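Put the two chains together into one complex, using the hints given.
For reference, the chains in residue letters:
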Amino acid sequence: MRRPPLRSLLSILILLAAETAAAGDDVRVFSVTPAARGGELVCHVETGGLPTEKAVRSMGGGLPSAVDVVIELVDEEEKVKVRRRITFRVAYDLWEEIFRVEREEVRRSMGDVNEVRAHLADLRDLPVAPLASLAGAGECRIRVGLVSHAIAPAEKSRFGDWIAGEGAGTGADAEGREVTFGLGNLIRFVFGGSGEGGPPAGVGESAWFRPAELASGGGPDA
Amino acid sequence: MHGERWDEMIHDAGRLARFLVAVIFGLAVASAAIAEERPLLLEGLEITGNSRTPERVVWLYLGLNPGDEVTAGSIVAAVEGLRREGPFASVDSWSSPGSEKGRILLHLDVAEKGFQFRFGVGFQDLSGWYIIPAELRYDNRLGRGEHLRLQVRLGYRTGGGWIVYEEPRAGDGRTWWGARIGGEGVSRAYLWNGVEYNHTVGRGGLEAHVGRRLTGHLSIEMGGAFESIDVDSTAEAAEDDKFRGVEWGDELPFDDLPPGVAAAVGEESRGTARFDIVWDSRSEGRLAGTPVGGLWGRLRMEGVFPDESDPYARVTGDLRGYRALFGAAFAARLRGGYAGWDAPFYDRHYVGGLYTVRGYAEQSLTRPAGDTRFWSASVEMRAPLAGGREEPRVTGIVFIEAAQSWTDDEAPTWNDVAAAAGYGIRVRLPWVQWLGLDAGIPITDSPESEAFHLNGTIGMTF
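If you read the protein sequences in the order shown, they are chains D and Y.
Start counting the first sequence at 0; every next residue gets the next number (numbering that gives the first Met the number 0).
Start counting the second sequence at 0; every next residue gets the next number (numbering that gives the first Met the number 0).
Think of the hints as simulated: they come from the structure by calculation, not from any bench.
Quick caveat, the model's predicted, so the values are computed rather than measured.
Beta carbons are placed, not taken as given, at the ideal position from N, Cα and C, and that holds for glycine.
You may find that some hints are simply not true.
Incomplete in silico selection of chain D near chain Y, CB under 10 angstroms [unchecked claim]:
1. S30
2. T51
3. G59
4. G60
5. L62
6. L93
7. P152
8. E174
9. G175
10. R176
11. E177
12. V178
13. G181
Below 25 angstroms or equal to it, Euclidean Cα-Cα: the simulated SDA-like pairs (lysine to any residue) are [what the hints assert, rightly or not]:
14. K100/Y x T179/D
15. K100/Y x P199/D
16. K80/D x A385/Y
17. K100/Y x R99/D
18. K80/D x E96/D
19. K100/Y x R56/D
20. K100/Y x E95/D
21. K100/Y x R116/D
22. K80/D x R388/Y
23. K100/Y x R88/D
24. K100/Y x G59/D
25. K100/Y x S108/D
26. K100/Y x N113/D
27. K112/Y x P152/D
28. K100/Y x E96/D
29. K80/D x G184/Y
30. K112/Y x T179/D
31. K100/Y x K80/D
32. K80/D x L384/Y
33. K112/Y x P199/D
34. K80/D x P383/Y
35. K80/D x Q432/Y
36. K100/Y x E101/D
37. K100/Y x P152/D
Just chain Y, with the same shape it has in the complex (with noise of 0.2 angstroms):
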């Protein structure tokens, strides 16, 4: 009996001295959880060294406002956000105790951006490769964290000048606006009886936007623009060709112009209307220098009312998701759009080339004078080869994509489509970010009877 009794008192003092060791390890990984996740109140900001920029625009570009609940994360993120797109050369931060416990107060040293002589380099679909050799900047000489700069481009197949101001953050900080004037001549580059050829586009005139978040997904933007458009009546020969008797440099008269080509040379001045929808939930998150979940979308509607022609519509939409899986970044992009019948080669759809198919040259796979319909689909994974894994030294590409285009009195076919696939790199360097190199395999009959097709490119294609 009385050992029964004692069995029983050391079972019940063990039970509850395991109920004890719970609670006190519960209560102690609550404890260490509340305190790690409690979050500071930002009670306000001192700055030094803005000579011409309010604190008020300070706090646009931080997004953040006097007694927000913030984190070391959001802190920091809000600093380098002020450091990347902000209107300062320089920003040292820190922070300081508040009125009191949980209170913190944010210092920031600043200097203000001066005159600034820039070069660069880019690419565009319609214009390949370019240089910038000159471009100089005056950035928030009003205070307003607006950008100002005089622009010089030249490149194979383009060559112009912009004078661009913009306000990234007007108003609340959810408004933006700009406008630029200048101009630019872009040698369209068309296959036409088997010789590639340039034909000059030259444009110029005003443009002008204004767009504003709505939610924190959700933005739209309206622009404007009063241009001339200059086309030449003649194009030029981009490579030999013994077979055809054509050199270099020949130029085609404007007889010999594709019709659809020749119907739009001359000078033209118009009026242009435009209108977006973006969404964009993607997430900050990167694995491979991408975004490891989320959304992208864009709903283009235009309007352009030439001078002396009928007016005509164009619409374009772009959806983009993104997925991490199996240690990998899975992105995928649709797009498709429209031209109204009686728009000029110069403002129809072209397919083949970096941003809609590779594999393939530059608006190698639609006609001289362009299709009025396009629709092109892409999936690529991509992988971290080299450094971290959410923005690796080295990317790998792989991918598969398929595009194609037509005009309004065609029945498009599968037998139509052209597809591709291939793989890339994308090399990071601290100034340029992505600089790439991918191999496009045409799967489908290729006009120029290309194995496959390099493309060069800056940052990723979407």
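Chain D extracted, bound-state conformation (with noise of 0.2 angstroms):
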């Protein structure tokens, strides 16, 4: 039999990999559809597996979690015109023995997570641009990504000291700060993006459309 060549075996040992996280975490996007809401392009999505296993034994315990939505609205080139972050924040109260949903500072309460299964598989009206910035702009699609936490981030998070001169333990007085990085950091900042918060679990796009035919009442191309 003859040998794949290596770069076939490296694409079948990455797309394994991809399954097997996929399959562990089970999150997806079902659909975005975009719409235009008071001057403003929002979308509807439709996920399933939030809140995942992990956050909900985290929720049981006392401690939220939290799903990032990520929103970006590419041109026909595959460029990310607007990035937006919405973060929808779970937490059981263990005393009042009720689930709280809360994003930018609105907050829902729910009896049971069914409630809360059924309020994070159909998100809507989520902003993604005002219409009046897309006044020229050509076809463009939704892509959205969701980043499940188990145990919410810190709403401020400690970043290490970049302050010069402070390194313990160098022995030198002179002032001064490096940074170095792996190979794989380098790879993700190039052909990554960000990086922030890790890569979504999952993914999904709307169709094609064109922003000012939304505003005047059309919708995306099916």
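Given below as structure tokens:
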């Protein structure tokens, strides 16, 4: 039997790894539908697998979880024109025994996890961009990625000290600073965007549409 | 009569209703507040994937203990600290209910760090920009959270290599220690007769240090080194100067060296001892990448014991304060230092440049042989220009600063103070954090007659 070339082997391995990861998370975007609401381009997103099992277990103990919805508006050349991140914070109150879903300081209470699942499965009117700013835009589509955090990230995350002259144990009096990075970081930066928040667990795209037609009552191409 | 009684009853009912509403509302607020603030108890830790690192070391990096009261914020901050500074290549975390309501178990799925090949870039006040074309890391091989790296460094004015071993959290987690062996050559720059020269100083040896965090804000560190220093007998022109008939690369022979520099030429072995006291009360809250309050200060005392010349002392103090005001972050810094008269030029103090007073070239405000005393002061205002307020994508900076250096036999005057003002920008990149450019405009005379001086920088200057 002929041995497949190395490049094909690598592609197969990468696909298998991706499928394994996806099976473990099981977070999906079923549909993304653009719409116009009050001068704003919005989108409706249907999802599956939220909240994840790890998130449900974390909430069961009392810690909040979170879902980041990363929304990108891309043009015909696949250039990102707008990128937004909307965070849904989900917590279970151990003492009142209710769930609370919070988005941008708007909080909703829910009786059980099935209500939370139903709410996160149908996300409506997620803002993308003002239609006025897209007046001359050609064909676009909306790409949505979901990033699930079993434990919600801190609102004020602690960053490393990037202030000069503080390295412990250097013994040197000279001011200075250095940064090192592995090859993986560089590849992710060049090819994979900012890398903040990790890669999305589920990704979906809308059909192509023209924002001007949406504003005048048209819809996305079939 | 009957109507008056009815009015009284309505009035009383209204008062009672208002009272009940106030009580109920107050209870609801208190209940919500209590529910939100009620901490959870961390019952334990379940870790998978740690083939080398014992659970004890993981607890040290988390900064938590079984039985601690925790909130969502403290758990997430602890895990982020483990992810950022700990011995693992990756950390996935979630929690589950403990043995009873109000208790949780923290689950961590980790991957041990393997062999890493890294590269990077850096900047030092005395040697300028350099690249790290190769750094080999094999961290946490022993499961103690230790760092082991072999680093090669190459720059326009520096080159060398080091093997470094560090344990950032030893013992109970409040102690750290490390050692390094290696060497590097640094071209020290100075202005002599109006021309910039580079003078190579080679340094190699063994250094070790140990430190301990005494309280939440106070720490101490002691260090010592045995090293050999070799100062070249000649310098090299770093620029063309047609007026003076000097070309880049021209040699400055020993007889023409500045007197204080010539006195240090040759090889010397020595031992050093160092003691640091550090105070750090900076807040964790950030605005424009800067703490919103607090102080950072360090007092460093060194003794240098050369083999063949007299010993001398060096003392430096560095104090920084931070405050958020009017939507911007203000940062102030005051530094000062003293070096004994017997200190050679490479151990003396220089001012001018990114970390003393921008607007002037590095070390250009001090004579080539260096000075024994100095002070510098700087005030910066930092404001977010794009992105979030705490860690914006782009930060704008304006600053004003001053510095002065002199020797023991001089009486400093205000006329000798160098001052500058300027502005800069910092851009936050995913793996470099802050990269920036500052433009300093000298307010007092500049030895190089520059209208402004640009400085590239990694991170904030203080």
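Do the hints match the structure? See the list:
1. S30: violated, 28 angstroms
2. T51: holds, 9 angstroms
3. G59: holds, 5 angstroms
4. G60: Status holds, d = 4 angstroms.
5. L62: holds, 5 angstroms
6. L93: Holds, about 5 angstroms.
7. P152: holds, 6 angstroms
8. E174: Holds. Min distance 4 angstroms.
9. G175: Where the cut-off is 10 angstroms and the nearest Cβ of chain Y is about 3 angstroms from G175/D, the hint holds.
10. R176: At 5 angstroms from the nearest chain Y Cβ, R176/D passes the 10 angstroms test, so the hint holds.
11. E177: holds, 3 angstroms
12. V178: holds, 5 angstroms
13. G181: Hint on G181/D: holds, closest Cβ of chain Y at ~5 angstroms, below 10 angstroms.
14. K100/Y x T179/D: Not OK: K100/Y and T179/D at ~44 angstroms, beyond 25 angstroms, violated.
15. K100/Y x P199/D: violated, 33 angstroms
16. K80/D x A385/Y: holds, 16 angstroms
17. K100/Y x R99/D: It holds: about 18 angstroms lies between the C-alpha atoms, which stays within 25 angstroms.
18. K80/D x E96/D: violated, 42 angstroms
19. K100/Y x R56/D: holds, 13 angstroms
20. K100/Y x E95/D: holds, 12 angstroms
21. K100/Y x R116/D: holds, 23 angstroms
22. K80/D x R388/Y: Holds: K80/D and R388/Y sit about 22 angstroms apart, inside 25 angstroms.
23. K100/Y x R88/D: The given pair, whose Cα atoms are some 21 angstroms apart, holds under the 25 angstroms limit.
24. K100/Y x G59/D: holds, 9 angstroms
25. K100/Y x S108/D: At roughly 20 angstroms apart (the allowed maximum being 25 angstroms), S108/D and K100/Y satisfy the hint.
26. K100/Y x N113/D: Holds - the C-alpha atoms of N113/D and K100/Y are around 21 angstroms apart, at most 25 angstroms.
27. K112/Y x P152/D: holds, 23 angstroms
28. K100/Y x E96/D: Given pair K100/Y, E96/D holds - Cα atoms ~11 angstroms apart, limit 25 angstroms.
29. K80/D x G184/Y: violated, 48 angstroms
30. K112/Y x T179/D: holds, 16 angstroms
31. K100/Y x K80/D: violated, 47 angstroms
32. K80/D x L384/Y: Cα-Cα ~20 angstroms, so holds.
33. K112/Y x P199/D: holds, 24 angstroms
34. K80/D x P383/Y: Distance of about 22 angstroms is within 25 angstroms: holds.
35. K80/D x Q432/Y: holds, 24 angstroms
36. K100/Y x E101/D: holds, 23 angstroms
37. K100/Y x P152/D: holds, 23 angstroms
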